[in-house]
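Using the sequences provided together with the hints, build the complete structure.
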Amino acid sequence: MAKLNKTSMEERRRRIRSLIETNTQGSVAELADSFGVSAVTIRTDLTALEQLGVVVRTHGGALPRGDSDELPINVKQTLHRAEKVRIASAAAEMIRDGETVILDSGTTTAEIAKQIRTLKLASINVITNALNIAVLLANSSHVNVIIPGGVLRQKSFSLSGPQAEQALSTLHADVLFLGVDSLDPQIGLMTPYVLEAQLNAQMIRISQRVVAVTDSSKLLRRNLSVIAPVDQMDVLITDSGADAACIEAIRAQGVDVRLV
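Under our numbering, think of the first position of the sequence shown as 24, with each following residue one higher.
If you're looking for bench data, these hints aren't it; they were derived computationally from the structure. Certain hints may be false.
[Stated by the list, open to error] Quick list of the computed label-pair ranges, beta carbon to beta carbon: (1) SER192 - SER31: 57 to 67 Å; (2) ARG245 - LEU175: 24 to 34 Å; (3) ASP56 - VAL108: 54 to 64 Å; (4) VAL280 - VAL108: 38 to 48 Å; (5) ASN148 - ARG38: 51 to 61 Å; (6) THR193 - THR45: 25 to 35 Å; (7) GLN276 - PRO215: 37 to 47 Å; (8) GLN177 - ASP266: 26 to 36 Å; (9) ARG228 - ASP279: 12 to 22 Å; (10) ALA161 - GLY83: 26 to 36 Å; (11) ALA71 - VAL158: 31 to 41 Å.
Virtual Cβ for every residue (Gly too), placed ideally from N, Cα, C.
Here it is in structure tokens:
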């Protein structure tokens, strides 16, 4: 990046956004050098731009918000990591010996898989459409892993499609832990991927309890494909940074919301 003259905070942030959108990414070090300010200042700028919904923070920089749903899973897992770990810990506490659990694909559900590895249980079944989650649990002697098959989406390591839906139709689960890309109280649980929305809906149909797990950045966002209305959830586990009015609207529909 070419070095720019010092600017006002508003103008600098406008230019930062433009540079990130043009280059499809921006590192803290490069932006600090370009604008002649400290790395601390750039991190503050990026945090402000993320709060406005125009960029997504990553380790060491940011990406345009428009690309956030297509980020590779190794990048997504660095976003809001502390919140995801707290959510996963609360979710894992709900699992009981002998249960059959579904773990949808996603970085928060992958954190739940890590928690499951340490649970002092005799045996549980885990159904998952995520290859990375299956690998995380492959060596856990107390976990029986079931993978439904389907078409692979490489950036998320997830399987979906008619084959996966058919495989799930013959199964039953005690609890589904569903990671969602977007959750709006008026519309419901959403994802940008049509095939995954259809598979998630099938997961809901075969599950006795539905627990949505998502950090608060996904709340009040909308997306292409609706998985299910909000009242199809039994529990929502999210972080304490969630919008209060949004949480109230979700609870009004009979959902047990747990803030961690």
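Verification of the supplied hints:
no., hint, result
1, SER192 - SER31: 57 to 67 Å, "holds (59 Å)"
2, ARG245 - LEU175: 24 to 34 Å, "holds (27 Å)"
3, ASP56 - VAL108: 54 to 64 Å, "violated (33 Å)"
4, VAL280 - VAL108: 38 to 48 Å, "violated (19 Å)"
5, ASN148 - ARG38: 51 to 61 Å, "holds (53 Å)"
6, THR193 - THR45: 25 to 35 Å, "violated (49 Å)"
7, GLN276 - PRO215: 37 to 47 Å, "violated (23 Å)"
8, GLN177 - ASP266: 26 to 36 Å, "holds (33 Å)"
9, ARG228 - ASP279: 12 to 22 Å, "holds (20 Å)"
10, ALA161 - GLY83: 26 to 36 Å, "holds (31 Å)"
11, ALA71 - VAL158: 31 to 41 Å, "holds (37 Å)"
In summary, the structure is inconsistent with hints 3, 4, 6 and 7 from the numbered list given earlier, while agreeing with the others.
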